[in-house]
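Following the hints, put chain W in place on chain L, whose structure we already have.
First to last, the sequence lines map onto chains L and W.
First residue of the first sequence? That's 1 in the numbering used here, and the numbers climb one at a time after it.
First residue of the second sequence? That's 1 in the numbering used here, and the numbers climb one at a time after it.
Just so you know, these hints were derived from the structure itself, not from any lab.
Hints may be right or wrong, so weigh each one.
[Said to hold, decoys possible] Computed Cβ-Cβ distance ranges for the label pairs, DEER-style: (1) W/N91 - L/I104: 14 to 24 Å; (2) L/Q44 - W/P16: 20 to 30 Å; (3) L/H42 - W/H53: 40 to 50 Å; (4) L/Q10 - W/S43: 17 to 27 Å.
Computed from a predicted model, the values in this text were never measured in an experiment.
Backbone N, C-alpha and C define an ideal beta-carbon position, used for all residues, glycine too.
Here's the letter readout for the chains.
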Amino acid sequence: MSHHTLSPRQYLILGLVAVSAPLGDSCLSRGMAAMPAITLAHPQSLIAAVFTPWIALGIALLIGFFASYLTALSWADLTFVLPATAFGYVIIALLARFWLHEAISLERWAGILLITLGVGFVAQGPSLTQHPAAEPEVAHQQEAGTE
Amino acid sequence: MTISPPSMPLPAAFNPWAATAMIAAVVLTSTTGEVLTAAAMKSIGDLDVIRAHSGLKGAIRAVLTCPLFFAGVFFLALAFFSLLFALNHLNLSLVGPASASLTLVTNAVAGKIFLKENVDGRRWAAAVLVCVGVYLLAH
Numbered sequence: 001m002s003h004h005t006l007s008p009r010q011y012l013i014l015g016l017v018a019v020s021a022p023l024g025d026s027c028l029s030r031g032m033a034a035m036p037a038i039t040l041a042h043p044q045s046l047i048a049a050v051f052t053p054w055i056a057l058g059i060a061l062l063i064g065f066f067a068s069y070l071t072a073l074s075w076a077d078l079t080f081v082l083p084a085t086a087f088g089y090v091i092i093a094l095l096a097r098f099w100l101h102e103a104i105s106l107e108r109w110a111g112i113l114l115i116t117l118g119v120g121f122v123a124q125g126p127s128l129t130q131h132p133a134a135e136p137e138v139a140h141q142q143e144a145g146t147e
Numbered sequence: 001m002t003i004s005p006p007s008m009p010l011p012a013a014f015n016p017w018a019a020t021a022m023i024a025a026v027v028l029t030s031t032t033g034e035v036l037t038a039a040a041m042k043s044i045g046d047l048d049v050i051r052a053h054s055g056l057k058g059a060i061r062a063v064l065t066c067p068l069f070f071a072g073v074f075f076l077a078l079a080f081f082s083l084l085f086a087l088n089h090l091n092l093s094l095v096g097p098a099s100a101s102l103t104l105v106t107n108a109v110a111g112k113i114f115l116k117e118n119v120d121g122r123r124w125a126a127a128v129l130v131c132v133g134v135y136l137l138a139h
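Next up, chain L with everything else stripped away, as it sits in the complex (with noise of 0.2 Å):
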């Protein structure tokens, strides 16, 4: 079936998934790390830091992941998109051992070939699930798109 296949323009929108969410989680993480102590006492110190550089940051990258998954979730399952773009974590890991120069342990090089083996997997898979009712509206669309 013609939806099960996905096109190189959706692959590319599974890769921004894929990439900016680890980006952007990393920038957060550095720029919490570097606020002090937050309570439940003082909520709105969490809001001060929304504003902080490192976590404006992560939060634009977050934007643009928002939008790139909320398309690929307009086109294929939750239990699709989630594990697909998990390969993230290994461009991540990839890019911080070849180009950070960063030492990689034997343990975390078996949690890259189970993402990898993971990801293989569910994309050998269909990346939607046909529901016999809405089947005949989302064919017409899909060849409404492909004209």
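What follows is chain W alone, placed relative to chain L:
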């Protein structure tokens, strides 16, 4: 014979119950948010097709006029602030892998139950492999 010192209280920085509660809050709110958002996007239809017909404004309007989308965003925002709160108290090496890997499994369960997605053996295997992989990689 020496007198043993009184037992030391657990360090305030790491209380296992508090850590579990913080990670559970991130996992539950993010799973709820992701399932609601996925349901919203499925109800809207293929955004690429909508954009081809009605342009970018049409696609944005389709998303912003869906109430389910805002319910999803509300829970994702809760998940975001729970994550910020947790990162302020716990190490990323604990919060990152624990929340990311657990969310994959809770989403597979929630996707099957609430979204009626076809979570076959292949997808269960992928969810579990990626879950363990993310834990090993990020730990």
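Structure-based check of each hint:
no. : hint                       : result
1   : W/N91 - L/I104: 14 to 24 Å : 19 Å, holds
2   : L/Q44 - W/P16: 20 to 30 Å  : 28 Å, holds
3   : L/H42 - W/H53: 40 to 50 Å  : 48 Å, holds
4   : L/Q10 - W/S43: 17 to 27 Å  : 20 Å, holds
Taken one by one, the earlier hints all hold for this structure without exception.
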